[in-house]
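Asker: Chain A is fixed; fit chain B onto it per the hints.
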Amino acid sequence: MTDLAVELRGVSKKYRYFTLDNMHLELPRGQIMGLIGANGAGKSTTIRILMGLVHQDSGVARVLGRNMPSEQVAAKWDIGFASEDMRLYESMTLGWHMDFIRSIYPTWDGAYAQLLLKRFGLRAEQKIKGLSHGQRVKSALLLVLARKPKLLVLDEPTTGLDPVARHEILRELTNVMADEERSVLFSSHNTQDVEQISDQITFIDRGRIIDSMDKETYLDRWRRLRLEVPRGVELPALPGIIGVQREGRLAVATSNAFAPDLASAYESSGARVQRIENMTLEEIFVANVEHSREEVEA
Amino acid sequence: MNGAVIGHLILKDWRINRLLISLTLGAGIVALAIALYGRGTARLVGSVWFFVALCILGSMLPVSAIINERKKQTLAFIMSLPVSSVQYSIAKIVSIWAMFLVPWLTLLISALILVETGHIAPRGVIPTLVIVAVLPLIGFCLISSAALAGESEGWLIAASVACNSSYWLAWYLLASLPSLTENWTAPAAVWNPAAVTILLGEFGSIALILALTLFIQSRKRDFI
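Line order of the protein sequences matches chains A and B.
With our numbering, the residue at position 26 of the first sequence is 26, and numbering never jumps.
Heads up, our numbering is the position in the second sequence plus 1000, with the first residue counted as 1.
Each hint can be trusted.
Keeping only pairs whose Cα atoms sit at most 25 Å apart, straight-line, the calculated BS3-like set for lysine-lysine is:
#, chain 1, residue 1, chain 2, residue 2
1, A, 148, A, 118
2, B, 1072, B, 1220
3, B, 1072, A, 129
4, A, 118, A, 129
5, B, 1071, A, 129
6, B, 1072, A, 127
7, A, 150, A, 215
8, A, 14, B, 1220
9, A, 127, B, 1071
10, A, 148, A, 127
11, A, 118, A, 150
12, B, 1071, B, 1220
Keep in mind the hints are simulated off the structure, nothing from the lab.
This is chain A alone, in the form it adopts within the complex (with noise of 0.2 Å):
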């Protein structure tokens, strides 16, 4: 059995307008991956890929140790997909949703379903067309969770929720966690979700990954530097240092691989150094995208 949950190597697909280009990710077994782009950025190409509802033009996709999308129906017993853009069917209840659920999944859990019931706040009885987005989220999140998929993938699933409903899945998305053979991938613009749960965060940008690693790290690496520079004093381009912004005497070094010795160095070229920042993950998300968007274009 692989260690790795979700695995892509060297996945493109082309598009007339949009292109996925050479993608290479890894979810280790038991880990929670967040996925952050700006709307556009391919998040939701690459979950298809991943769930085998599009198909790569080249490259390997594997999820749970299996090829997708060629053995795509015995992956899919064990994984739980969740969309932002999916929607149950109106004129039916949820109850009825969880029987059809159930009939299919021999894995269904009825005592975790009643309790996830409680917990959302839903009612069984109730037909979906009369739900609120936020309820309607939840009934499609309790039917992937009641299924107890090894794998949960969730494309940007508390988009567009009130900040209680969002609180509410992301607590249960962390409990899901307690057992440690589950792992997520979930994708979102909205770095404060990835931030609060996620132990691995990839970047994606146009199409393409521009940095993958375990949340602590990011937070370690990536500082903001307020500078003094006095007149006559150029700083120097110093490796870690991925972009500089200078108004007059005052600069910001924005850095990637933070240490300590950056700071002398700014201090031994004439320059002082009035701060060191640590920087939120949406700032990091930025100041990635904007430097990996001038690298292209360099």
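Answerer: Positioned in the frame of chain A, the structure of chain B alone reads:
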């Protein structure tokens, strides 16, 4: 083959479309009763009504069971289940064909009983009757396949218009075939080579359309 999951998908379609099936069956039964027990014009009205009900069901079923699944974004929910695109297509074909065959067979059997009991026409019309009855079946096959393979309302509407406006032409062509019409007054059904060839051609077209649909579905690289 993933038989159990396909079975659940078929049952699911029947449950979701039960209102449409019930309404059409209700309308069809009323129309059939008028055709069976009415006299003169009423019998003609009943027959046409039943045929129209059949054509409406033939167009509505693919909309309800196939197109709406895409439009209302429930397809992603179904495709998240352990099923491939070809297996999904097989489930769709079986479920909507079964839904359509119930009223279609009712029509055909009722009409055959009427003829056999000598109520409306000599038994010699039976081959032509069967050939004509298979026409809406071909139409339904084409419309549902266009919906499934074309994935859009546009393809479905084009197929519906093409089929529903072609029935009269097919009737006209069949009625001008001497090899069919010469036996209409015969006291028994005459299955001459022309009648058998046309019927085989009809079922051959259905088989071809279905095979082509499954082939197209199996070649699709982007299903959603």
